[in-house]
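Engineer: Chain by chain, the residues run as shown.
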Amino acid sequence: DQQVKQNSPSLSVQEGRISILNCDYTNSMFDYFLWYKKYPAEGPTFLISISSIKDKNEDGRFTVFLNKSAKHLSLHIVPSQPGDSAVYFCAASSSGTYKYIFGTGTRLKVLA
Amino acid sequence: DAMVIQNPRYQVTQFGKPVTLSCSQTLNHNVMYWYQQKSSQAPKLLFHYYDKDFNNEADTPDNFQSRRPNTSFCFLDIRSPGLGDAAMYLCATSSHSYEQYFGPGTRLTVT
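Residue numbers (the numbering used here), protein chains in the order written: chain H, 1 to 112; chain A, 1 to 111.
Careful, some of the hints might be misleading.
Cross-link-like lysine-lysine pairs, in silico, PhoX-like; alpha carbons within 20 Å at most [unchecked claim]: (1) A:Lys-44 - H:Lys-5; (2) H:Lys-54 - H:Lys-71; (3) H:Lys-71 - H:Lys-5; (4) H:Lys-68 - H:Lys-5; (5) A:Lys-38 - H:Lys-5; (6) H:Lys-99 - A:Lys-52; (7) A:Lys-44 - H:Lys-99; (8) H:Lys-99 - H:Lys-109.
Everything labelled a hint here was simulated from the structure, so no lab data went into it. Since the model is a prediction, treat every value here as computed from it, not as a measurement.
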């Protein structure tokens, strides 16, 4: 039973446009969510996070939105750049567990 | 630069031959993790240490063991690797914040 789902394995976006990556979760105990970016032959790197007490967190070109009632979060990248081409993972955690459940990732390709 | 280092980056072992993967960190984080990631799948948590407290996931096979001799180092021992254990193994650390810092991973091939 996969508790964190990224239903789109891949996404292609034109440079300068918005990229929207989606993530759904099933466990209502999750209260902290993170997005990671992974380039080939490298480990995932932390991108942005959001706590369940918020519904939006913004960091430069990256914004994460959380809809708790729908158990859904999304990552918006505006404007998209070719260097953003990577695999994006969402991950979820419950307070105090220090455990993270990852989704399967979405491969983003930004076309120049 | 503070970082998470994994050695080796690529490891080839024979079926049934014990293998050890290593991870070290200069971040002085108290939590260390081992994940297994197979192609197109989510990273799967095998176990984590909170300081010296070992936390095993219920579905982690007994074939997988871990040691953390000090804050900086953590090892993953696979006692009898099978073909199904071929994967990328990721080490990560975190402190009291939620962010995890990952190493580059070790790709294990079992022949």
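Engineer: Compare the structure with each hint and give your call.
Structural biologist: Structure-based check of all given hints:
1. A:Lys-44 - H:Lys-5: holds, 13 Å
2. H:Lys-54 - H:Lys-71: With a Cα-Cα distance of about 13 Å, the restraint between Lys-54 of chain H and Lys-71 of chain H holds, given a limit of 20 Å.
3. H:Lys-71 - H:Lys-5: Given that 20 Å is the threshold and the Cα spacing comes to 11 Å, the pair holds.
4. H:Lys-68 - H:Lys-5: holds, 15 Å
5. A:Lys-38 - H:Lys-5: Within the cut-off at roughly 16 Å; holds.
6. H:Lys-99 - A:Lys-52: holds, 16 Å
7. A:Lys-44 - H:Lys-99: Holds. Lys-44 of chain A to Lys-99 of chain H sits at ~11 Å (cutoff 20 Å).
8. H:Lys-99 - H:Lys-109: Outside the cut-off at roughly 29 Å; violated.
Hint violations for this structure: number 8 only, all remaining hints satisfied.
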